[in-house]
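Enquirer: Given next are the chains, with one letter for each unit.
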Amino acid sequence: MENNDEPLSQAKSLELIEEMIYKAKNSYHESGTSALLWGGIIMFCSAVSLGNIYWRIGWLEEVWLLTILAIIPQIIISIREGRAQKFKAHTDDAMSGIWISFGVAIFLTSYFTNVIKVEGAGSLFLILYGMPTFATGYTHRFTPMIVGGIVCWVCAIISIYTVLQADFVLFFIAAFFAWFLPGLILRRAYLKEKKTNV
Amino acid sequence: MFKELDPILHSQLRLAVMSLLISVKEAEFTFLKEKTGATAGNLSVQIQKLKEAEYIEVQKQFKDNYPQTICKVTSKGVDAFETYVKALQGYIKR
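From first to last, the protein sequence lines are chains U and P. Here this note's numbering is used: the first residue of the first sequence is 1, the next is one more, and so on. Here this note's numbering is used: the first residue of the second sequence is 1, the next is one more, and so on.
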C-alpha cells in the first residue's frame, strides 16, 4: 500500500478500516504451548497418583512437585512468545493478571490444604482451575476453553460426593478439557497459520 | 464532498495504520509494515504525521540489540478516529 493523498471514497474508507481491523484480529494466534504443557502435566500427575494408590511407591507421592518444576519451561515459553510478538492486544495484560492470580491462588491453596489438612480439597482446586480457564475462553470467545472451565466446575461438584481415587480421575478429565484439548486446537490453528505465512 | 472529514485520517496509509492501532493496544513498526504492505520509508513519513497530530505515540527502544519502534494510539487519536467513522457513516446514510 502506497500512500497518496488522493481523496478516498466513503465506501473505500470503510472497506479499508474493516480490512485492517480484520487483519489485526486475525493476527492474534496463541501457540497453545502453555495450555498443552499444563494440561499434560496435570493429566500425568493425576494418572500417576491414581496408579500409585495401587502401586504404593513412596517417591511417586511427590509427583505433584512436577507442577513446580514446570514453572521453568513456562517462564521460557512466556519470554520466547513475548519476544516473537509484534503487537500487544488490549486483553493481554488482563489475561496475564488472571493467570498470575491463578498461580498464586493455587500455591496458597496447596499450602493451606497441607497445613490445615482439609478433607475434599480436590474440589477447591477444581473450582480454581475453572476460573481462569472460563475467563480466558469468555474473553477470547474461544468455546473449547469456556466448555473446559464449565467441565472443571462440574468435576468440582462431583468431587464433593466422591472418594479420593475419583478425585484423580476428575483432575485428569478437568485438565484434558480445560487445557490439553484447547491447547491441541490452538496449536493446530497456530501451525496452520504459520504454514500459510511461510 | 469530504470537506468535514479529518484530512489527517483521510489518507489511505494513515487510515490503515490508525485502523490497525485501534484494534490493538500497541504494535511494532514491522507489524504495521507487514499488514499495510507499505514501504518502510513511506510508513515512517505517515507515522510521523500521525505523531505530529498527536494521534499516536511513538516509542523507540532496543530489543535484542536491534532498534524497535512501538506505536500506540492516543486518546486524542481514538476520539479523532471515532469522529471520522461517524462522519463516514453520516455520508453513507445521506
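One thing to keep in mind: the hints can contain errors.
[Stated by the list, open to error] DSSO-like, lysine-lysine: derived pairs with alpha carbons at most 30 Å apart: (1) K86/U x K93/P; (2) K86/U x K33/P; (3) K88/U x K63/P; (4) K93/P x K25/U; (5) K23/U x K93/P; (6) K23/U x K63/P; (7) K93/P x K194/U; (8) K194/U x K86/P.
Just so you know, the hints here were simulated from the structure itself, not pulled from any lab data.
Enquirer: If a hint holds in the structure, say so; if it doesn't, say that too.
Expert: Hint check:
1. In summary, the hint linking K86/U to K93/P is not supported, as the alpha carbons are separated by about 37 Å, beyond the 30 Å threshold.
2. Between the alpha carbons of K86/U and K33/P the distance comes to roughly 11 Å, so the proposed pair stays at or under 30 Å and holds.
3. Of the supplied pair hints, the one linking K88/U and K63/P holds, its CA atoms being roughly 15 Å apart against a limit of 30 Å.
4. Distance restraint check for K93/P and K25/U: the Cα-Cα separation of roughly 27 Å lies within the 30 Å cut-off, and the hinted pair is therefore satisfied.
5. Restraint check: the Cα-Cα separation between K23/U and K93/P comes to about 26 Å, which is no more than 30 Å; the hinted pair holds.
6. Between K23/U and K63/P the alpha-carbon distance is near 25 Å, which keeps this suggested pair within the 30 Å criterion.
7. With a C-alpha separation of about 41 Å, the suggested pair K93/P and K194/U falls outside the 30 Å cut-off, and the hint is violated.
8. Taking the CA atoms of K194/U and K86/P, the gap is about 36 Å. The hint is violated against a cut of 30 Å.
Hint check: violations occur at hints 1, 7 and 8; the rest are consistent with the structure.
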